[in-house]
Each structure stands twice: as structure tokens, then as C-alpha cells.
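Undergrad: One letter stands for each residue in the lines below.
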Amino acid sequence: MAFHITHLWYAIYHFRGIVGVQKPPYLCSVIQTQKKIMAKIYVNGDAQEVSLPLNVSELIKQNDVQQPDMVSVQVNEEFAEREDWDGIQLKEGDKIDFLYFMGGGCLREE
Amino acid sequence: MFKGRVKGEKIATAMIDFTEDQIQRYSRHILLQDVGVEGQEKIMNARVLVVGAGGLGAPVSLYLAAAGIGTIGIVDADVVDLSNLQRQVIHFTKDVGIPKVKSAEEKIKAINPDVQVNTYYEFLDSSNALDIIKEYDFIVDGTDNFPVKFLINDACVMAGKPFSHGGILRFNGQTFTHLPGTACYRCMFKEPPPVGAVPTCSQAGVLGAIAGMLGTIQAAETLKYFTGVGELLTNRLLTFDAKTMLFRTVPVKHRDSCAICGTNPTIDHLIDYEQAACDLKH
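Protein chains in written order, with this note's numbering: chain X, 1 to 110; chain Y, 1 to 282.
These aren't lab readings, by the way, just hints derived from the structure by calculation.
Because the structure is a prediction, the values reported are computed rather than measured.
Be aware that one or more of the hints could be misleading.
[Unchecked claim] Which chain X residues face chain Y? A few, computed with CB under 7 Å, are given here:
{"no.": "1", "residue": "Ile41"}
{"no.": "2", "residue": "Gly45"}
{"no.": "3", "residue": "Glu77"}
{"no.": "4", "residue": "Phe79"}
{"no.": "5", "residue": "Asp97"}
{"no.": "6", "residue": "Gly103"}
[To be verified] Label-pair distances were calculated between CB atoms; the ranges are:
{"no.": "7", "chain 1": "Y", "residue 1": "Val96", "chain 2": "X", "residue 2": "Tyr42", "range": "44 to 52 Å"}
{"no.": "8", "chain 1": "X", "residue 1": "Ser51", "chain 2": "Y", "residue 2": "Glu231", "range": "35 to 43 Å"}
{"no.": "9", "chain 1": "Y", "residue 1": "Ile16", "chain 2": "X", "residue 2": "Asp84", "range": "51 to 59 Å"}
We treat Cβ as the ideally placed atom computed from N, Cα and C, and that holds for glycine.
If we strip away everything but chain Y, and leave its shape as in the complex, we get (with noise of 0.2 Å):
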């Protein structure tokens, strides 16, 4: 089961002590040779904050507290509408209602009883993000308006952590992961649209399965963060159309110019762009 090694030995090697259960539960990772009970470990250390618990942040929480994160931070600040319900798998008919925090972490703790959830019922802003921000060591950008998406990436970059940005717009999804020193947000997006330029979810519409298929990149991305696996998308700008079902992954540079990470930055505190009312509710 273990590559030829002795249970036991590999067992005593590592930092956290595993339980029986715990390597039955995680045994598909520790079979993988480039994640083992290290890099299981190293998930079980971690620290993510899941910003948004709506179409992106339900597969990512759900695949995140499957994998054994050990603390899942989530911020939202709606209750669960029956409209959710298409994408938003983390969310259950009888939650209709109720803080979708409240009802993330309910179903965290079903999946991984280990994992410990902080919910953070409220909207994230300039006057809370940098504190909340640096209590984690990735943070998954899982927002549904502009405002917050480039709120999340300016206190990134000043708080020096990497995050994952993720979109979704009818059949579309593009995502790309920030560490510091690589392409940010501002670099390929200077400033927020003006508000009613581009449209929502919830004005445009998406297929639900969409939400699922960007969010799960966006988790596969943070588990090969901590384990340290692979390239991750940095520099690059993944991009999909799910009607063609073609990808394509776009390169892109740090912005010298860029007004957050550029070599003279002009932006030295946090902003809250201006959203439309409609955004607040959904």
C-alpha cells in the first residue's frame, strides 16, 4: 500500500501522528508519489480562506475539507436563496434561508469532522480583509463582483499571499494563481469595470456545472500549492469555453506599471470600489 515502505516506519516519520482512520481516509493522496504522508501533512497543516460561499467557494470548500485542510476560513454575508441551489452544491433545500456560512460549515464537518471551519459572516472589505487575510496561507478567491475580486488581490499582494482568482460567465471560466513576485489581478486588469459595464451571474446567467468545473481547478491549485506539486497556473491566465470545450492558457507578465505590484506602486491602502445595490443581495 505504501510503495514497499513499512506502515509503521513511514508513520513515525512524520510530523502529525495519523490515526488509523486518518490513513484510510487519505490513503488515494498518500499513494500518490509526489503528495505521500508528507505532503498529506502538509495539507493537514494548512490554513485557506475561502472567500465567497456561493458557485466557486462550494466545490472548493467541499473538495478542500475532503482533502483534510486542517482550517478552513469561509467569508460571505448572504443567507441561501433558492436560486443558489443550481450551483451552489454545498447548499442543501432545507438551508434556503439560513447564513451561508452557517450552512458551509455544517457540511465541511459532515464531510471531515478533523478540519476546523471559521466563519466569518460578513462582507469583506477595506476595513476587515488585511485581518482576515493574515490568518491564512492561500486564500481562494471565489467572489461574484469586481469590487471584491480586486479588493482580495491588493490585500494579497500587500499582505505577501498567494490566492487563486477564479471567474465564471455563462459557458466561460478563466482562473490564474498569484504568488508573490508573479502577474497579479491589476496586472492584466488595471481598475474595477464601471458599474453596469459587465454583467453578473446573476443578471447573465451560467450553467451550473461550470461553477464546478472552475472551482475544482481552483482546489486542485491550492492542494498542489502546499504539496508542492507541479507548475502552478502563475503567469498564466487558464481560460475555458465549456460549449467547445476547448482550454487555453494564456500567458501573461508581471506589469512593471502595475499600480498594486508594479516597480512604483501608487496604490498604498485598500479601496472600495463602488458596487451596484443588486450585488449585495445576490
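Chain X on its own, in the form it takes in the complex (with noise of 0.2 Å):
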């Protein structure tokens, strides 16, 4: 096996606590991909691919939910109040409908 960069930087960072070094970033962000889970969900009646974890929040930001002050949210056919959505972690089968205010509104004149 050749010897590579990267072997040494992860036989300093096993170390760590006796060389007192940082993870080295790119490390850092290949723990993290590792944690990640993909999970089907389904947003207003279709199929996602999301990576977890993803609160209610992040999703209406993923998905570039118009106005999302505007908009109502279920999570498996409940309402979630607006405050409670960056505690909800959605989890694999998830249903979240968007629900949006139609027939009208009071846009002034300019």
C-alpha cells in the first residue's frame, strides 16, 4: 500500500489527544457526510430523497416554499405550529403537506 498524505494526517489525528492537533477540515466534512442518512419522504403527495438530519424549517427552505410565513404545515396529516417546526426532525415516510392561502388576498394598489 503506498504511502499517501492523507495516512499521515489520520495517524496524527488518532493521536490527537497526545499531539493536541484539529481535525483537519476536509476530514471534518467526511465524518460528517458519513452520519448522514437518506430518507424517502413525501412532500405534497411526491417522493424526496432528503438527507437527515432535516427539521420542518430546512425543508421549506430546500424546497423554496414561497412566502414560507404564509404557508400551513402537516406532518403526517397534523398541523405543525410555525413554532415548533426547527424541533420537528422529520425521520423515513414522512408525509408534510404545504398548504397555501388562495382565492384572493389584499395586495395594495402601487
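Two chains, two frames, a set of hints: combine them into the complex.
TA: Encoded structure:
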């Protein structure tokens, strides 16, 4: 097996308690990626592959929901209060529905 | 014609004495096993309030009139504008400038002279909503602004009246039916969006036929309610996108924390939410 600079970094990192080094940045991302789990969820009835952990607020951002402060969210057919969106962690098979206001409104004339 | 029954015998069992003209007029309803003479009689005894004689109110009123609904009330404070005619099919070119309720009444009477029409040439607000609604068995929301949609919802929940909600925008529509105890508009949306946040049809536009698609669903729900046929759109929000012609029914649950129909309601009076000036005009 050929020696590679990565092995040296890994060796140093393995003994980090002794030599007192930080995780190299690229190794950081590798470790985090390994922790992520893919899951299939259903957004407005359509299947989506997402990587967990993922909360409702993050899902709204990922889906480019327009006017997120105007949308109502249901998780598995239960309404999710806006203040709970950050704390609701999604899991495999979850069904999320975004409900939008429709039917007129009050846009002021420019 | 009457599925083997003797025509005279069937008529004798009905509370309403159908005339020969009525039997002919409503024959396609009477032929339906789920409707029949009994169902048609329920339709003819029904009192329906249509709020808004616009894009949704037009097809709703036309179909309910044709179906023979006994009494149709129409609330609208607008006059017919040329820009309405692209979708508000109850109004004709000659009607531009006259109150929508008068124009609608004329067409309803022309379709079916048996229908009693009550017109309310005024805005529905917190001062008159309960008084008007209490006279009717079923309310159809055909309005184009959120303050009145919430007002209709709250008034119907308070009065224990069923209603059909309808909304359209651009190429989309959504509707559900509320019966006492099922999910209401506030269960889905807690309060109206801030003034200026969500566009109206008059700003964002709407494909005219979308109004017909949604309005006829609302009319069908109304007739289903009175005849007891099938399953209403309760605890379900029907949405469609006419671009793809995909229809979807989202299950929605009554929200225990709902401010009007929840376990501990916090709203005990009707609210007149702020309305943009443009909505008062169109």
C-alpha cells in the first residue's frame, strides 16, 4: 500500500489527544457526511430523497417554498405549529403537506 | 322513466306536488338512483346563501338555479365591470355598470322562475353576517378576499352552519366543505395574511375557466349536502393545478387549538380584518 499524505494526517488525528491537533477540515466533512442518512419522504404527495437530519424549517428552505411565513404545514396529517418547525426532525416515510392561501387577498395597488 | 315505478304513485308519496313541467325539468336528477324524487324535493326545499356574485358565485348560482334550489340568497356590493366578464359568466355585456346581485337575479330567474332569489346589495361584515347567514341552510363562499373568507368561516362556525370554501388564483384552485365539528378554515390557516402579502385575482390574474372548474365543484358539494349523496369534502382540502390537471385531496384534521372551533375558542365575536382599498372596488 502506497504511503499517502492522508495516512499521515489520519495517524496524527488518531493520536490527537497526545499531539494536540485539530481535525483537518476535509476529514471533518468526511466524518459528517458519513453520519448523514438518506430518507424518502413525501412532500405534497411526491416522493423526495432527503438527507437526515432535517427539520421542517430546513425542508421549507430546500423546497424553495415561496412566502414561508404564509404557508401552513402538516406533518403526517397533523398541523405543525410554526414555532415547532425547527424542532420537528423528519424521518423515513414522513408525509409533509404545504397548504397555501388561495382565493384573493389584499395586495395594495402600486 | 322512474325505474319501474308508476309515475303518479311516486309523486303521491312526495311532500311537494311536482308539476308535469317540474318532472320534466328535473328528470335527469330524478332518474339518478341516489337523488330521485326525494332528493329533488330536498333540493327544492333548500335555502342557499352565495356570498359573492363573481367568478365562483356565477357558476355556483347558475347550477344551483338550474338544479331547482328553493331559495338562493346572493350577497355582493359590486357592480358589473367589463373586466369581470372573462370569468363571471352570470353577467353579460349589457350588464356592465349594474349591481351584480341584480344581474345575477335576472339570470337565475331566466333559468328557473321557481327559484326564490334574495339579494343583498351590501358588503358582508361583522354587523350583518350572522343575521343574513341564519336564514340559510348552506353557505357558499365565493369571495375574493381573505377578511371575508375568515368572516364567513367564523360566522358559520358560530351559527353552526355548513359551508363550502373556495379559492382560485392563476391556474390553481382549492376547496373544502365544512360541517359543524369538521376542520374549518382557521384550523388550516390561523388568521388572514397581512394586507399586501398574498395577491388577488385582480392583480395576479386567473384563467377564467378555473372559476368554472372550482365553482361547479362547490355547486356539486352543495347538492350532495342536501341530497346526502356520497362523501363531502370534509376534513379534506381539494387542490388542483390546471396546468398539469393534477387534482389532489389533502387530509386535514380539526385543530384542537383552533381559535374558533377548538376546545377553548378564544374568538367570541366576528372580526372585520383590514382590507385593501382595491378589494373594495373589485
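Undergrad: When the structure is checked against the list of hints, which entries are broken? Sort them ascending.
TA: 1
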